[in-house]
Amino acid sequence: MGGDVVIIGGGQAAASCAAKLRALGYGGTVTIVAAEPVLPYQRPPLSKKYVAGELERERLLIRPADWYVEQNVKVERGVAASAIDPARRRVSLADGRTLSYDSLVLATGARPRQLPAAIGGDLPGLLTMRDLADADRLAPDLKPARRLLVVGGGYIGLEAAAVAAGKGLTVTVIEAAPRILQRVAATPTSDYFRALHQRHGVDIREGISLVRLIARDDRAGGAELGDGTTIEADIVLVGIGVLPNDDLARAAGLGVENGILVDGSCRTSEARIYAAGDCASLLWQNERIRLESVQNAIDQGEHVAKVIMGETADYDPRPWFWSDQYDVKLQIAGLNRGYDSVIQRAGSRTGSQSVWYYRQGQMIAVDAMNDALTYSIAKKVLEMGHSIPPEQAGDASIDLKPWLKA
Amino acid sequence: MPKVTWIQPSGEKVTADVPAGHNLMEAAVANNVPGVIGECGGCLSCATCHVYVDAEWSDRAGPPGEMENDMLEVTAAERRGTSRLSCQLIAGDALDGIVLHVPQA
Ligand SMILES: Cc1cc2nc3c(=O)[nH]c(=O)nc-3n(C[C@H](O)[C@H](O)[C@H](O)COP(=O)(O)OP(=O)(O)OC[C@H]3O[C@@H](n4cnc5c(N)ncnc54)[C@H](O)[C@@H]3O)c2cc1C
Ligand code: FES
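Residue numbers (the numbering used here), protein chains in the order written: chain X, 721 to 1126; chain H, 72 to 176.
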């Protein structure tokens, strides 16, 4: 099969789509347009081993440079796509060039949500954690006795806090919601991670509003809080979620609403244009959602490749996620959206625990902390479409392995 | 550099030189070996790097660690006595020449 595929965005979804096209024998051109000056790389280590200095830069790459040559995948690095013309099937690049396509894949990812400028969101030196450049800015500052303030108690902010605490910094995390991880997890999971961070000396301050960030020496240097206190810091990292990069799609007249709207085939409102990864809004159990995970970036990116090669089945996500903090590995199977009850299960080792989410009695997701066995079982059971009743899940004396054969 | 060979269920082989210290999942991905995915980048979270160590090499590769052993429950393909997660196998003198079998997709 021939033709020209252009992929906008040089991240995980773009790389997976390109690799799958070649693996399926696609014979046309594949061009990735990547705004960042680097080949596609993995983001998860940025807030974990990479920023801690435990993983070399080259090992972040999803594929080594040779691979792109061998596979005849062209990567236009350090140049953004600036416009799409669906009628003429052309993409304009910021450097003035245009590319023609037969199929276009939008894999533009997401960008960190900013604090409003009125409360200091535009202060110099303020850090976020999305790309390699962000991690490279933070890494040299991770030195003992420095003070780090993390605004936002989500997974990425907490991971950065964990690395910093491990390096001897004084770390404070402020969270406006009543508890950290509120948006993504139930109370027992928040409790688990709060206690973990407190054991490592991190000051976790929840239910506290940010009045404004303050400047010291013309740089972000702390925060004034709703309870009248002030925190001084040498480094301020804002981790308050991401927004999908959907402007290009909107400007081209595609359907966009908190992400680029796609159907089961990952097609946008234009037949030859697809979207995958963090930027795409997909239908999951009749609701629009965006998944911000490696799993989705890979699987949806690959699904687009399959559709271009003639696949007709719908994309069926199998959501999972992980986070590493200190010596704790969190693994999440499923999606907890709309849960109405949770149950806890103690693991077989000290500190291992799982939190099970139910919706109308049906098991929908599990957070497993240092409990890979429970995670593994839960993931398989969810994929089989089965549900372990809460009475069994919550009773640590009941072996759940038989469910694998159910 | 240590050599590693991957054999597909079809019998197709790939042999590559792998820098010492790299894990054999990242080596597989770098060498375009189908069937080894490595979703989590080697942090023992996904089990998509499952391989069967060739019987000749099984002893030298050793048994899976505790966490790895638990993760082997979630592999897509059948688990066998020689199953390992290849992100936990590190290229080096001890495993120079190792042969890995990629499970049926
Ligand atoms: C610090 C961090 C830690 C994470 N940890 C985990 C984890 O533990 N587990 C997990 O499952 N997920 C994790 N994630 C999420 C995961 O990395 C993302 O879901 C995944 O990278 C999404 O891939 P993507 O290809 O959709 O987008 P991205 O990887 O964001 O790539 C999009 C790329 O497109 C480029 N781009 C945007 N617009 C244009 C344009 N107009 N022209 C050209 N290029 C453009 C961007 O610059 C970017 O390079 C983490 C993310 C971060 C930032
Ligand atoms: S790459 Fe994920 S467990 Fe090996």
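The hints are simulated quantities; they were obtained by calculation from the structure and are not laboratory data. One should not assume that every hint holds.
[Stated by the list, open to error] No farther apart than 20 Å at their CA atoms in a straight line, the calculated lysine to any residue pairs in the SDA-like style are these:
#1 X:Lys1100 - H:Ile161
#2 H:Lys84 - X:Glu790
#3 X:Lys1125 - H:Gly152
#4 X:Lys740 - H:Gly152
#5 H:Lys84 - X:Gln791
#6 X:Lys863 - X:Gln791
#7 X:Lys769 - X:Val1048
#8 X:Lys1100 - H:Ser154
#9 X:Lys794 - X:Lys769
#10 X:Lys1121 - H:Ala147
Here the structure is a predicted model, which means the values were calculated and not measured.
**OP:** Output the numbers, in ascending order, of every earlier hint that fails for this structure.
**Re:** 1, 4, 6, 9
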